[in-house]
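Peer 1: Produce the entire structure from the sequences given, and follow the hints as far as they go.
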Amino acid sequence: MTFDQTVLFALFAAVFGLLLWGKYRYDIVAFSALMVAVVLGVVPASEAFAGFGHPATLVVALVLVVSAGLVRSGAVFLITRTLVDSSRNLGAHITLMGGIGAVLSAFMNNVAALALLMPVDIQTARKAGRTPGMSLMPLSFATILGGMATLIGTPPNIIIASIREETLGEPFRMFDFAPVGGIAALAGLLFVALIGWRLIPLRQNAAGASEAQLSQYIAELTVPEGSEMIGQRLGEFDKEAEKADVAILGLIRDGKRLYGRAAGQLLRAGDALVLEATPEALDEFRSAASLDFADAARQEKLAAAGDGLELVEVVVPETARIKGRSAQALGLAWRQNTVLMGLARQGRRLTRHIRQEQIEAGDILLLLCPRDRGADVTEWLGCLPLAERGLSVTANDKTWLAIGLFAGAVLAASLGIIYLPIALGLVVVAYVLTKILPLAELYDHIEWPVVVLLGSMIPLGAALDSAGGTALIAESLLTLTNGMPAWAILTVLMVVTMTLSDVLNNTATAIVAAPVGIQMANGLGVSPDPFLMAVAVAASAAFLTPIGHKNNTLVLGPGGYQFGDYWRIGLPLEVLIIAVSIPSILLFWPL
Numbered sequence: 001m002t003f004d005q006t007v008l009f010a011l012f013a014a015v016f017g018l019l020l021w022g023k024y025r026y027d028i029v030a031f032s033a034l035m036v037a038v039v040l041g042v043v044p045a046s047e048a049f050a051g052f053g054h055p056a057t058l059v060v061a062l063v064l065v066v067s068a069g070l071v072r073s074g075a076v077f078l079i080t081r082t083l084v085d086s087s088r089n090l091g092a093h094i095t096l097m098g099g100i101g102a103v104l105s106a107f108m109n110n111v112a113a114l115a116l117l118m119p120v121d122i123q124t125a126r127k128a129g130r131t132p133g134m135s136l137m138p139l140s141f142a143t144i145l146g147g148m149a150t151l152i153g154t155p156p157n158i159i160i161a162s163i164r165e166e167t168l169g170e171p172f173r174m175f176d177f178a179p180v181g182g183i184a185a186l187a188g189l190l191f192v193a194l195i196g197w198r199l200i201p202l203r204q205n206a207a208g209a210s211e212a213q214l215s216q217y218i219a220e221l222t223v224p225e226g227s228e229m230i231g232q233r234l235g236e237f238d239k240e241a242e243k244a245d246v247a248i249l250g251l252i253r254d255g256k257r258l259y260g261r262a263a264g265q266l267l268r269a270g271d272a273l274v275l276e277a278t279p280e281a282l283d284e285f286r287s288a289a290s291l292d293f294a295d296a297a298r299q300e301k302l303a304a305a306g307d308g309l310e311l312v313e314v315v316v317p318e319t320a321r322i323k324g325r326s327a328q329a330l331g332l333a334w335r336q337n338t339v340l341m342g343l344a345r346q347g348r349r350l351t352r353h354i355r356q357e358q359i360e361a362g363d364i365l366l367l368l369c370p371r372d373r374g375a376d377v378t379e380w381l382g383c384l385p386l387a388e389r390g391l392s393v394t395a396n397d398k399t400w401l402a403i404g405l406f407a408g409a410v411l412a413a414s415l416g417i418i419y420l421p422i423a424l425g426l427v428v429v430a431y432v433l434t435k436i437l438p439l440a441e442l443y444d445h446i447e448w449p450v451v452v453l454l455g456s457m458i459p460l461g462a463a464l465d466s467a468g469g470t471a472l473i474a475e476s477l478l479t480l481t482n483g484m485p486a487w488a489i490l491t492v493l494m495v496v497t498m499t500l501s502d503v504l505n506n507t508a509t510a511i512v513a514a515p516v517g518i519q520m521a522n523g524l525g526v527s528p529d530p531f532l533m534a535v536a537v538a539a540s541a542a543f544l545t546p547i548g549h550k551n552n553t554l555v556l557g558p559g560g561y562q563f564g565d566y567w568r569i570g571l572p573l574e575v576l577i578i579a580v581s582i583p584s585i586l587l588f589w590p591l
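The sequence shown begins at 1 in the UniProt record's numbering and counts up one residue at a time.
Please keep in mind that the hints were generated in silico from the structure rather than gathered at the bench.
Positions of the beta carbon are idealized from the N, C-alpha and C atoms, including for glycine.
Among the clues, some could well be false.
Pair ranges (Cβ atoms, derived) [said to hold, decoys possible]:
hint, residue 1, residue 2, range
1, Asp444, Gly41, 36 to 42 Å
2, Trp487, Leu571, 20 to 26 Å
3, Phe588, Arg233, 55 to 61 Å
4, Lys239, Phe588, 46 to 52 Å
5, Glu47, Lys435, 34 to 40 Å
6, Thr167, Ala579, 27 to 33 Å
7, Thr167, Ser466, 20 to 26 Å
Peer 2: The structure is reproduced here in structure tokens:
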């Protein structure tokens with residue numbers, strides 16, 4: 001080996017050793033390795049930060065922003081209400097979400113499929129009271145598996161089809177990958193749904209722990225003019241409220257609260273529903289039922305807020321201006337353009353309109369105010385802010401706009417009309433311009449440690465390739481398989497390709513491994529198609545690390561995973577993929 005190859009192999013071994021140890025965070029380890037490589041001269045200084053502008057890094061960042069936009073627009077609530085039931089047990093939920101993700105990934109880019117379903121999975125986990133880490137990794141693996149079944153499902157399939165056209169004169173067609181890729185995907189999905197998720201280390205992240213301890217607010221939402229709820233009985237909405245984890249306590253009409261007979265009342269415009277819920281559940285129910293925050297006049301004034309609205313939680317001290325007074329008496333609405341959305345008071349029942357209720361010391365208030373005005377309103381009230389929890393207000397009037405923009409970008413990218421990172425970038429710009437996603441929040445949703453990890457590892461992988469490290473692996477592979485039977489050669493090829501894919505980008509792996517497979521076939525005097533199929537499946541089957549596939553990287557932060565968590569479920573899954581793929585290849589693509 002040359003000096004550069006020796007240094008790079010040693011660096012990769014050190015990186016993976018430190019990441020598996022888990023003492024230092026993955027982004028610091030990767031960035032440190034990149035800096036060492038530059039100092040030792042194996043990565044050119046001019047290429048040191050090329051990974052931060054690489055399409056894979058940009059796609060990961062853009063997908064997280066697009067996912068936030070889909071949540072803010074109510075698109076995620078629409079999907080969860082239609083397809084997902086948080087009362088299902090975890091295995092059934094993973095089976096359903098994995099099946100949906102696999103089917104979507106077969107006909108659209110698997111990164112885009114995960115972008116659509118990841119926030120749905122996180123919302124469902126929140127409602128079910130469990131950490132998202134128990135289901136996000138299985139969802140990521142399912143979307144990777146589904147992409148194996150068609151030409152457009154994953155980039156390695158497209159690359160291998162083009163390499164076949166260059167060498168044999170004809171590319172693989174749309175569903176040529178289905179017999180082998182489909183069987184591998186089905187076997188993988190069954191494993192993930194029945195066994196795999198049980199192998200994930202159970203960790204309760206900080207967000208999940210705090211959410212479980214939150215008190216419920218008593219809140220009011222108003223039936224607007226033209227609402228579909230008008231003329232229906234209040235009791236008919238108990239099921240919809242239950243799906244959103246909201247309890248309907250009563251009804252206020254003409255300033256009077258109706259108690260026992262409220263469930264049988266026919267709803268009218270202007271009625272206020274009295275609810276008990278967390279802020280997130282309250283926003284979900286408001287979006288689902290198309291309710292207003294307040295009466296028509298206040299709602300119109302709120303809608304005119306420039307950069308959107310935000311929810312703020314504050315606690316009332318003894319010295320607060322609002323203590324002993326109601327929000328209405330204080331003029332909170334007309335003085336500060338702020339609505340008292342909810343009130344949490346331990347062990348006390350509220351008997352009047354929330355805005356007419358006299359506020360006491362120790363009360364927790366949920367305030368709806370114009371964006372970036374929360375601190376000013378809190379100071380004016382003389383209250384103390386609670387810890388920031390990233391509460392947001394769903395722009396449910398823009399749900400279909402958000403879905404349409406995202407679907408159009410995915411379709412254009414799938415048909416090759418526009419490059420996927422550009423398509424996602426245009427979606428982000430459109431979300432900001434249409435105020436689906438406030439400009440102030442644009443960078444809050446990006447997992448920066450994940451971006452640093454990818455940006456640091458990509459130049460190291462490129463350096464290994466340019467230094468001849470991957471060619472050295474290919475030569476060793478040809479020597480190792482000399483004289484072996486066909487099934488054993490295919491197995492070795494898949495193992496090496498999977499290993500490379502766990503370290504390098506799967507696209508780069510396909511480019512390196514496909515010519516090696518063709519050389520092996522030519523040396524044996526057999527058809528190259530089974531070898532190309534072996535490379536296609538193995539290049540996509542990157543389950544051991546979070547850097548082998550963009551989908552694994554995407555769930556690293558939101559799932560609260562450590563680098564070493566992936567191999568626990570990924571190693572048996574890769575063994576299973578090899579075990580079912582070899583017989584399938586020999587059956588459907590004979591030598």
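Peer 1: Could you check the structure against the hints above and give me the numbers of any it violates, in ascending order?
Peer 2: Structure breaks no hint.
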